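So the sequence lines, in the order shown, correspond to chains A, B, C and D.
First residue of the first sequence? That's 1 in the numbering used here, and the numbers climb one at a time after it.
First residue of the second sequence? That's 1001 in the numbering used here, and the numbers climb one at a time after it.
First residue of the third sequence? That's 2001 in the numbering used here, and the numbers climb one at a time after it.
First residue of the fourth sequence? That's 3001 in the numbering used here, and the numbers climb one at a time after it.
Treat the hints with caution; some may be incorrect.
[Stated by the list, open to error] Here are the simulated SDA-like pairs of lysine to any residue, each with C-alpha atoms no more than 20 Å apart in a straight line:
# : chain 1 : residue 1 : chain 2 : residue 2
1 : D       : 3122      : C       : 2132
2 : B       : 1054      : D       : 3044
3 : D       : 3063      : B       : 1046
4 : C       : 2122      : A       : 19
5 : C       : 2130      : C       : 2063
6 : C       : 2129      : A       : 33
7 : C       : 2047      : D       : 3105
8 : C       : 2063      : A       : 76
9 : C       : 2129      : A       : 73
[Said to hold, decoys possible] Beta-carbon label-pair distances, calculated as ranges:
#  : chain 1 : residue 1 : chain 2 : residue 2 : range
10 : C       : 2024      : B       : 1064      : 49 to 55 Å
11 : B       : 1006      : D       : 3132      : 25 to 31 Å
12 : B       : 1035      : D       : 3014      : 44 to 50 Å
13 : C       : 2008      : B       : 1055      : 37 to 43 Å
14 : C       : 2119      : D       : 3045      : 52 to 58 Å
15 : D       : 3053      : C       : 2025      : 55 to 61 Å
16 : D       : 3045      : B       : 1044      : 47 to 53 Å
17 : D       : 3043      : C       : 2015      : 24 to 30 Å
18 : B       : 1035      : D       : 3131      : 55 to 61 Å
19 : D       : 3021      : A       : 66        : 46 to 52 Å
20 : D       : 3123      : C       : 2071      : 18 to 24 Å
21 : D       : 3108      : B       : 1064      : 43 to 49 Å
22 : B       : 1006      : C       : 2119      : 32 to 38 Å
23 : D       : 3021      : C       : 2024      : 42 to 48 Å
[Stated by the list, open to error] Sample of chain D residues lacking proximity to chain B, with all beta carbon distances greater than 10 Å (derived):
#  : residue
24 : 3037
25 : 3069
26 : 3094
27 : 3123
28 : 3124
29 : 3125
Hint data in this document are derived by calculation from the structure and do not stem from the laboratory.
In this text the structure is predicted, and so the values were computed from the model without any measurement.
Even for Gly, the Cβ is constructed at its ideal location relative to N, Cα and C.
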Amino acid sequence: MGEEIRVLYFGTARETTGKNEELLTAEDTADLRHQLIQKYPALGKIPFRMALNKELLKADAPLNNNDIIAILPPFQGG
Amino acid sequence: MGEEIRVLYFGTARETTGKNEELLTAEDTADLRHQLIQKYPALGKIPFRMALNKELLKADAPLNNNDIIAILPPFQGG
Amino acid sequence: MKNRYLVRGPITPLLISELLTLGNDDAGTGAVSIFIGRVRDDEIDGKRVNAIEYSAYDEMVVKEADGITGTIKSAFSDVRSVIILHSTGVVRAGEASLFIMVTSGHRDHGTRACRHALEMVKERLPIWKKELF
Amino acid sequence: MKNRYLVRGPITPLLISELLTLGNDDAGTGAVSIFIGRVRDDEIDGKRVNAIEYSAYDEMVVKEADGITGTIKSAFSDVRSVIILHSTGVVRAGEASLFIMVTSGHRDHGTRACRHALEMVKERLPIWKKELF
Chain A
1 MGEEIRVLYF GTARETTGKN EELLTAEDTA DLRHQLIQKY PALGKIPFRM
51 ALNKELLKAD APLNNNDIIA ILPPFQGG
Chain B
1001 MGEEIRVLYF GTARETTGKN EELLTAEDTA DLRHQLIQKY PALGKIPFRM
1051 ALNKELLKAD APLNNNDIIA ILPPFQGG
Chain C
2001 MKNRYLVRGP ITPLLISELL TLGNDDAGTG AVSIFIGRVR DDEIDGKRVN
2051 AIEYSAYDEM VVKEADGITG TIKSAFSDVR SVIILHSTGV VRAGEASLFI
2101 MVTSGHRDHG TRACRHALEM VKERLPIWKK ELF
Chain D
3001 MKNRYLVRGP ITPLLISELL TLGNDDAGTG AVSIFIGRVR DDEIDGKRVN
3051 AIEYSAYDEM VVKEADGITG TIKSAFSDVR SVIILHSTGV VRAGEASLFI
3101 MVTSGHRDHG TRACRHALEM VKERLPIWKK ELF
């Protein structure tokens, strides 16, 4: 049921989840987002975007096995 | 008959007059401009502004003894 | 340097001197526009910032910075080279964490491209900071 | 240096390194905006420019550059320091003849002030050039 993906956490999402990365199974990014907020309720309170294989997502997308999803709080470089 | 002033030449005005500076006598800047073009006809062909005691002139002005007038072709710094 | 866009620790004066020599052999360059970002000792909630620790999604930084460089070069035809460098790890107050340099034939495209690159760096590079007090 | 705005000959990489350290002790500076103007090896009437010889009305340069610095500081309140340096005499193609550096708390005033200073330098400083082939 769903694809096995690697999820990377950055910025405050690292502190919120206590993890740099983990393997999860999800149907698509909407499903993943839902699971993440269930698993880490505090993650529901910080604004974040997702990148799929280094490409910033503008809308929810399907997932494939071995995809890499990054959880990206607002950028703060500069 | 007029005030004795020091006239400084810069940029192409130096090449045109063959001088870095000279002492001249003039009533005011309009009179000076007229004299200069009489003396150095080629100076009438290059656009130049004048500075009176390091202050760029926006209009003709009276002169006093020992004033310094600079003949300034268009600036080219940078 | 971790890759061509990221360096571990501060961007030191020595490194900046070296970066400035890039493009010195291009006598068609008439304008060099540079922006250096430094860590400020701001006061936050009554505490003075001592340093900032930067973290980055390295691989995506490379992809995005490649994109920024390409966008700049297409948008400003007079631009001859673009260098973007950002720190990761700890950078203390007063030290530099960002260096952008654009060389161009003339000043107009160069100064605008440098400012544009700066805005895109802030908007598009996946980099985060954490203040240390 | 002939005065604080004019230097005889090119603005060398060593001099630029030194200028960059000015303001390094001000940890309230978050942005350093720099413009470096260089002599291009342009082709004019089929001849390649080898160098430019700059001449200046030194005393008036000081007065005008003081004015530019004052104008910049009043117009951009976040600006902390302004450095303007121009060459006189011979500067060869590839060498720098102009250096402008603005330090500021944040990027917005700094980048705009640097560009504004550059435009005013071109418009207001009594400096002339002569191409050498």
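Verification of the hints:
At most 20 Å may separate the alpha-carbon atoms for a hinted pair to count; residue 3122(D) and residue 2132(C) exceed this at roughly 43 Å. Distance restraint check for residue 1054(B) and residue 3044(D): the Cα-Cα separation of roughly 33 Å exceeds the 20 Å cut-off, and the hinted pair is therefore not satisfied. In summary, the hint linking residue 3063(D) to residue 1046(B) is not supported, as the alpha carbons are separated by about 25 Å, beyond the 20 Å threshold. Proposed proximity of residue 2122(C) and residue 19(A) is contradicted: the alpha carbons are some 25 Å apart, above 20 Å.
Between residue 2130(C) and residue 2063(C) the CA atoms are separated by roughly 23 Å; this puts the pair beyond 20 Å, and the hint is violated. Among the hinted pairs, residue 2129(C) with residue 33(A) is inconsistent with the structure: their alpha-carbon atoms are about 24 Å apart, more than 20 Å. Between residue 2047(C) and residue 3105(D) the alpha-carbon distance is near 18 Å, which keeps this suggested pair within the 20 Å criterion. Note on residue 2063(C) and residue 76(A): the hinted pairing holds, with a Cα-Cα distance of about 17 Å set against a maximum of 20 Å.
Only pairs whose Cα atoms come within 20 Å are accepted, and residue 2129(C) paired with residue 73(A) is accepted, the gap being roughly 11 Å. Taking the beta carbon of each, residue 2024(C) and residue 1064(B) are about 50 Å apart, inside 49 to 55 Å as hinted. Remark: the range hint 25 to 31 Å for residue 1006(B) to residue 3132(D) is upheld by a beta-carbon distance near 29 Å. For the pair residue 1035(B) and residue 3014(D), the beta carbons lie near 48 Å from each other, so the given range of 44 to 50 Å is met.
At roughly 54 Å, the beta carbons of residue 2008(C) and residue 1055(B) sit outside the given window of 37 to 43 Å. Between residue 2119(C) and residue 3045(D) the C-beta distance comes to about 41 Å, which lies outside the given range of 52 to 58 Å. Taking 55 to 61 Å as the suggested C-beta distance range, the pair residue 3053(D) and residue 2025(C) does not conform, at roughly 23 Å. Our hint of 47 to 53 Å for residue 3045(D) and residue 1044(B) is violated, since their Cβ atoms are close to 25 Å apart.
Restraint check, residue 3043(D) to residue 2015(C): a C-beta distance of roughly 35 Å breaks the suggested window 24 to 30 Å. The beta-carbon spacing between residue 1035(B) and residue 3131(D), approximately 31 Å, falls outside the hinted interval of 55 to 61 Å. Roughly 49 Å separates the CB atoms of residue 3021(D) and residue 66(A), a value that falls within the hinted 46 to 52 Å. A beta carbon spacing of about 31 Å between residue 3123(D) and residue 2071(C) contradicts the range 18 to 24 Å that was offered as a hint.
Separation of residue 3108(D) from residue 1064(B) is about 46 Å and conforms to the stated range, judged on CB atoms against 43 to 49 Å. Checked against the given bound of 32 to 38 Å, the beta carbons of residue 1006(B) and residue 2119(C), roughly 51 Å apart, lie outside it. One distance hint, 42 to 48 Å for the beta-carbon pair residue 3021(D) and residue 2024(C), is violated here, with the actual separation near 20 Å. For residue 3037(D), the shortest C-beta to C-beta distance to chain B comes to about 5 Å, within the 10 Å cut-off, and the non-interface label is violated.
Every CB of chain B is more than 10 Å from the CB of residue 3069(D) (nearest about 15 Å), matching its label as outside the interface. Against chain B, the non-interface label of residue 3094(D) holds: every CB pair exceeds 10 Å, the least being about 17 Å. Against the 10 Å criterion, residue 3123(D) falls within the reach of chain B, whose nearest CB is about 7 Å from its own CB. A beta-carbon of chain B comes within 10 Å of the beta-carbon of residue 3124(D); the shortest separation is about 7 Å.
Listed as outside the interface, residue 3125(D) is inconsistent with that label: its C-beta sits roughly 5 Å from the nearest C-beta of chain B, within the 10 Å cut-off.
Of the numbered hints listed earlier, those contradicted by the structure are 1, 2, 3, 4, 5, 6, 13, 14, 15, 16, 17, 18, 20, 22, 23, 24, 27, 28, 29.
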